[in-house]
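Q: Next come the chains, spelled out residue by residue.
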Amino acid sequence: MGTSRNLERRTILRAAGASAAALGLTAVTGCGSGSGSGDGTVTIRYSWWGAEERAKKINQTIALFEKKYPKIKVKTDFQTYASFWEKFQTQAAGGNPPDVFQNAVGFLRKYDKRGILLDLNSQAKAGNLSLDHFRDGVTKVGEVDGKQLGIPVGSNTMALVIDKKVFQKAGVEPHAGWTWEDYFKALKTIHDKTKVPGDTGYFTIMYLYDLYLRQNGKAFFTKDGLGFDQADLTEWWTDGYNRVKAGIVTDPKIVEQDKPKSSLSAGHGASEFTWDNFTVRYTAEGSSTYGLAPIPTTDGKQTGQYLASLMLSASAHTSHPKEVAQFIDFMVHDPQVGTIMGYDRGILASTEQYEAFKPTDPVNKEIAQYEADTAKAGVLGTITPHPSGADTIEAAFLRIGGDLGQGKTKVSDAVKQFFTESDAAFQA
Amino acid sequence: MTLVKDSLPASRKTRSAASATTGRRPGRRRENLAGYLFMSPWIAGFLLLTAGPMVASLYFAFTDYNLFNAPKWVGLDNFTKMFHDPRWQKSVEVTAKYVIIGTPLKLLLALGVALLLSQSRRGQAFYRAAFYAPSLIGASVSVGFVWRSLFSDGAIVDRTQSFFGWHVGGWVGNADWVLYCLVALTVWQFGAPMVIFLAGLKQVPRELYEAAEMDGAGPLRKFWSITLPMISPVLFFNVLLETIHSFQIFGSAYVVSNTYCGPADATLVYTCYLYQQGFKNAQMGLASAMAWMLLLAVALVTAVLFWSQKKWVHYEEDAR
Chain V
1 MGTSRNLERR TILRAAGASA AALGLTAVTG CGSGSGSGDG TVTIRYSWWG AEERAKKINQ
61 TIALFEKKYP KIKVKTDFQT YASFWEKFQT QAAGGNPPDV FQNAVGFLRK YDKRGILLDL
121 NSQAKAGNLS LDHFRDGVTK VGEVDGKQLG IPVGSNTMAL VIDKKVFQKA GVEPHAGWTW
181 EDYFKALKTI HDKTKVPGDT GYFTIMYLYD LYLRQNGKAF FTKDGLGFDQ ADLTEWWTDG
241 YNRVKAGIVT DPKIVEQDKP KSSLSAGHGA SEFTWDNFTV RYTAEGSSTY GLAPIPTTDG
301 KQTGQYLASL MLSASAHTSH PKEVAQFIDF MVHDPQVGTI MGYDRGILAS TEQYEAFKPT
361 DPVNKEIAQY EADTAKAGVL GTITPHPSGA DTIEAAFLRI GGDLGQGKTK VSDAVKQFFT
421 ESDAAFQA
Chain P
1 MTLVKDSLPA SRKTRSAASA TTGRRPGRRR ENLAGYLFMS PWIAGFLLLT AGPMVASLYF
61 AFTDYNLFNA PKWVGLDNFT KMFHDPRWQK SVEVTAKYVI IGTPLKLLLA LGVALLLSQS
121 RRGQAFYRAA FYAPSLIGAS VSVGFVWRSL FSDGAIVDRT QSFFGWHVGG WVGNADWVLY
181 CLVALTVWQF GAPMVIFLAG LKQVPRELYE AAEMDGAGPL RKFWSITLPM ISPVLFFNVL
241 LETIHSFQIF GSAYVVSNTY CGPADATLVY TCYLYQQGFK NAQMGLASAM AWMLLLAVAL
301 VTAVLFWSQK KWVHYEEDAR
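So the protein lines, in turn, are chains V and P. Residue numbers for the first sequence follow the UniProt record's numbering, beginning at 1 and rising by one. Residue numbers for the second sequence follow the UniProt record's numbering, beginning at 1 and rising by one.
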């Protein structure tokens, strides 16, 4: 086997070399952007995040748009939230972001800094897009340093989504102005009476902590950093950890298992802090009845809430800014689009759509009622700025908080780690 | 003048003598050309998709590069940053644990089953196919999802375990257990090394066993003194390949842990962290440095294995 030994050795070496070479990870981005063709037909790419349910509705609205603008074709692409931004980042870096895409407040500064977002003011001036007829102040959400970087499709606000059946069984009735103390007492009652943990993990949700900080005169973010210190977070996470141990907050192990479902819709928790429009999703996912409850307060009055929004943004690299503007305009103003989408992406932002859609099912009705009540209560403040890196920080907050709940890290270490990672995120 | 005239035919003579010994030259050149031509798609692919990006990534490894702004030369900063990062250390630890536990288990199972299947019995072809099948589908994302649902809370594994009074509440969300869920997945895909072992076992000459039987050797003795030494080159090949393969685990960790390699970073394997740094945190420079670190580590382990083979791999001296 003299020769065969050499041969074998060489094959092995080659195999080793090839597999080692394969490790040089590379970014190969998708190619081919929307472009015009001979007969003046233009194709634009539209990406968004969401699930099947939203996809069906969006496809219907696109059919309407293409009927009205036969010269514009729309190619769609959708993923879940996390995958969407991974893909988007690669596409954007390769100079090939989609022409139009769904956007949220945490990403505005990040991609503005990198020159990816089109200032839609110019298109509004050119008459391709109307910035009028929006429910009060909601377009402010898409504004950064005087630039209109996104047009809101719907507005939403943080809320407490509850499993109504479990709350009723435990005899707990949430009420406006209740305090954190009341809330945690309620969780305990629920756990004692129904054996279901009361909350699915409030202490890892960045947006909720933001509200809590705002109630106490601080905020999660300042214009370029964090608006709280290590002592604040230590207190917040220590309480959270103790409540997991006490069983009134869902065990993070279970939360992990339930993914991609939420532990609320999986029946492993009685309430969850999230955006009010998510009630639609929970209702589709879970088997119970879900409703909305007010955010607990520190002083019995201020909830720290504000209106946030999902937006449509355009790429600064698009070769069809006019068509893109027309598309956004249609999507946010057309009444028929409003009736199709409903409150899937929050309460419809433009007055045309808001008036066209009158919710008939209990879930959409409740969302409308909730936002009306919140507005009436006068608790809504202005949104705090999200600096570049906010998205990475939100993910770190969730992850490190989860590790903490698993008992895998001490509170002091977790807090330190979060601040270190935040520093890195602001610099990236 | 005469000198030159004389030397010409002489050199011609030597040339033709040379071509007589090596065969026809022009034909050979044409053959070579055809060879290169056929290889050209592969060569082009290699240069464009492997060598090029590798050189680029080597450069990025020494820069601060966020994908959007031009890379900025920072020297060894990425490497110092990496070594001081507790999450990087965790990812090294997780990967090492996965390789050290997963690879030997997989090879043991592969060898064990190969030994069983090497004896001729009825339905042998069926068993071979059945055991090999997982290796074929194993790399797919869907198997990751299946695994996730098998090892979740209240799923079949959890229920079986609980039946025996050993309740851990599913492996997927449990930071102490979830890595073993990935180990189980790789062990389950033992088909490829098994097939190679089978081929190796077929090569062991029957006479050796017969001679050993005459001397009164039992099955265990025969295994240790004949089978194992005779298949040691194949074993070496499998160890090397599976080790390298294990270091590169990504897909299953990514899918089973729902795209973020948690909980509590329990499945934060090296490539997963590399991916997060590169594509989620937009630190492509750091990610490149990490990739080269992994390449070095794999090269080192490979070198150690090659060095060690002198001690335990036996090549038959005068076999065909």
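FYI, nobody ran anything at the bench for these hints, they're computed from the structure. Errors might be hidden in some of the hints.
[As the list claims (entries may be wrong)] When the alpha-carbon atoms are kept at most 20 Å apart in a straight line, the in silico DMTMM-like pairs for lysine to aspartate or glutamate are as follows:
| no. | chain 1 | residue 1 | chain 2 | residue 2 |
| --- | --- | --- | --- | --- |
| 1 | V | K259 | V | D224 |
| 2 | V | K245 | P | D176 |
| 3 | V | K408 | P | D176 |
| 4 | V | K416 | P | D176 |
| 5 | V | K410 | P | D77 |
Q: Now tell me, hint by hint, if it's right for this structure.
A: So, going through the hints one by one against the coordinates:
no. : hint             : result
1   : V:K259 to V:D224 : 32 Å, violated
2   : V:K245 to P:D176 : 17 Å, holds
3   : V:K408 to P:D176 : 9 Å, holds
4   : V:K416 to P:D176 : 23 Å, violated
5   : V:K410 to P:D77  : 29 Å, violated
Checked against the numbered hints given earlier, this structure breaks hints 1, 4, 5; the rest are met.
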